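Undergrad: Fit chain Z to the known structure of chain L by using the hints.
Residue numbers (this note's numbering), protein chains in the order written: chain L, 1 to 116; chain Z, 1 to 115.
There may be inaccurate statements among the hints.
Distance windows between CB atoms, simulated [to be verified]:
id, chain 1, residue 1, chain 2, residue 2, range
1, Z, Glu52, L, Val78, 28 to 38 Å
2, Z, Gln17, L, Arg17, 43 to 53 Å
3, Z, Thr9, L, Pro79, 20 to 30 Å
4, Z, Leu115, L, Val78, 25 to 35 Å
5, Z, Glu52, L, Lys54, 32 to 42 Å
6, L, Arg61, Z, Asn79, 39 to 49 Å
7, L, Gly83, Z, Gly40, 32 to 42 Å
8, L, Asn57, Z, Gln17, 42 to 52 Å
Okay, derived cross-link-like pairs now, DSBU-like style, lysine-lysine, Cα gap no bigger than 35 Å in a straight line [to be verified]:
id, chain 1, residue 1, chain 2, residue 2
9, L, Lys5, L, Lys56
10, L, Lys5, Z, Lys13
11, L, Lys108, L, Lys68
12, L, Lys108, L, Lys5
13, Z, Lys13, L, Lys108
14, L, Lys54, L, Lys71
Simulated from the structure, these hints should not be mistaken for lab results. Just so you know, these numbers come straight off a predicted model, no measurement behind them. All C-beta atoms in this analysis are idealised placements derived from N, C-alpha and C, irrespective of residue type, glycine included.
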Amino acid sequence: DQQVKQNSPSLSVQEGRISILNCDYTNSMFDYFLWYKKYPAEGPTFLISISSIKDKNEDGRFTVFLNKSAKHLSLHIVPSQPGDSAVYFCAASALYSGGGADGLTFGKGTHLIIQP
Amino acid sequence: ETGVTQSPTHLIKTRGQQVTLRCSSQSGHNTVSWYQQALGQGPQFIFQYYREEENGRGNFPPRFSGLQFPNYSSELNVNALELDDSALYLCASSQKPAGVTGELFFGEGSRLTVL
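The following block holds chain L by itself, in its conformation from the complex (with noise of 0.2 Å):
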């Protein structure tokens, strides 16, 4: 049973345009999101997170929404880069109810392409 789904497998996105990576939830434990970004051959890099306490953070071009009530977050890359194809991760955790240690459970993942 997937408790964090990315159901969008892959998604294209024309160069300077908005990137929107969407990530459902089910377990109401999870107070804590991250997103991953990563290339062939490399591992995960970390992009951005939120805690469930904040709707919204922003780094840079990178921006996470979260909605609580839907049990959804999203990921805003603006404007889009070829740099960004890539697979993005969204992962989850239960760190400020004591779950930290049980790891973070991650979604599938999206393959986002870039198209100049």
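TA: Frame of chain L; chain Z shown alone:
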């Protein structure tokens, strides 16, 4: 600053064999966790070590075991290999246990193929 390094990068084993994967954590990090990423899936948490003790474990059988050494490097051991163990094994380190911060720094992984 040295990042997380893993060895070997690729290996092939047969069913029933045993395998040991190694990981050197990033400088200054005292917590190591291991994840299994099967093809087309996201990474799945195996276990976490903090100060040489396992302090968190995912839904993996006991034939998956690990060690953390005083220098914070780590090993993942898998006994009685099964075909479904074929996957990319990722090691991740952090400055504190995942109970304090969720951000992890991953290595490039060890690709295990079981025939």
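Undergrad: Decide, hint by hint, whether the structure agrees.
TA: Each hint, compared with the structure:
1. Z:Glu52 <-> L:Val78: 28 to 38 Å: 44 Å, violated
2. Z:Gln17 <-> L:Arg17: 43 to 53 Å: 49 Å, holds
3. Z:Thr9 <-> L:Pro79: 20 to 30 Å: Given range 20 to 30 Å: violated, Cβ gap about 35 Å.
4. Z:Leu115 <-> L:Val78: 25 to 35 Å: For Z:Leu115 and L:Val78 the Cβ distance comes to about 46 Å; the hint is violated.
5. Z:Glu52 <-> L:Lys54: 32 to 42 Å: 35 Å, holds
6. L:Arg61 <-> Z:Asn79: 39 to 49 Å: 45 Å, holds
7. L:Gly83 <-> Z:Gly40: 32 to 42 Å: 24 Å, violated
8. L:Asn57 <-> Z:Gln17: 42 to 52 Å: Since L:Asn57 and Z:Gln17 have Cβ atoms about 45 Å apart, the given range 42 to 52 Å holds.
9. L:Lys5 <-> L:Lys56: 20 Å, holds
10. L:Lys5 <-> Z:Lys13: 32 Å, holds
11. L:Lys108 <-> L:Lys68: Holds, because 21 Å separates the two Cα atoms, which is no more than 35 Å.
12. L:Lys108 <-> L:Lys5: Roughly 7 Å between the alpha carbons, so the hint for L:Lys108 and L:Lys5 holds.
13. Z:Lys13 <-> L:Lys108: Holds - the C-alpha atoms of L:Lys108 and Z:Lys13 are around 26 Å apart, at most 35 Å.
14. L:Lys54 <-> L:Lys71: Status holds; Cα separation ~13 Å.
Going down the numbered hints, you'll see the structure goes against 1, 3, 4 and 7, while the others check out.
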